[in-house]
Amino acid sequence: MIEVFQFDINLLNIVQSLIGFFYQLLCCNLVWIKLSTVRETLNG
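For what it's worth, our numbering labels the leading residue of the sequence shown as 6, then goes sequentially.
Honestly, the hints are just simulated from the structure, not real lab data.
Ideal Cβ placement from N, Cα and C applies to all residues, glycine included.
Hints may contain errors.
Cβ pair distances, simulated, as ranges [what the hints assert, rightly or not]:
{"hint": "1", "residue 1": "41", "residue 2": "11", "range": "38 to 48 angstroms"}
{"hint": "2", "residue 1": "11", "residue 2": "44", "range": "33 to 43 angstroms"}
{"hint": "3", "residue 1": "46", "residue 2": "25", "range": "30 to 40 angstroms"}
{"hint": "4", "residue 1": "15", "residue 2": "43", "range": "49 to 59 angstroms"}
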């Protein structure tokens, strides 16, 4: 029972890490896209 519980916690940590990683990746991409559009607008 305790071993299964431990496994669940490890799985949860891995999932949270993956979600955090993808979230940061998404934020970076959005910021990059915004910067690109701003640059294009400034360049005319």
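Hint check for residue 43 and residue 15 - Cβ pair distance inside 49 to 59 angstroms: violated, 42 angstroms
- prompt: Within 38 to 48 angstroms or not, the Cβ separation of residue 41 and residue 11?
  reply: Between residue 41 and residue 11, where Cβ atoms are some 45 angstroms apart, the hint holds.
task: Hint says 33 to 43 angstroms; check whether the CB-CB distance for residue 11 and residue 44 agrees.
output: About 50 angstroms separates the Cβ atoms of residue 11 and residue 44, which means 33 to 43 angstroms is violated.
message: Quick check: does the Cβ-Cβ distance between residue 46 and residue 25 fall within 30 to 40 angstroms?
response: Roughly 32 angstroms apart at Cβ, these two residues keep to the hinted range, so it holds.
Hint compliance for this structure: hints 2 and 4 are broken, all remaining hints hold.
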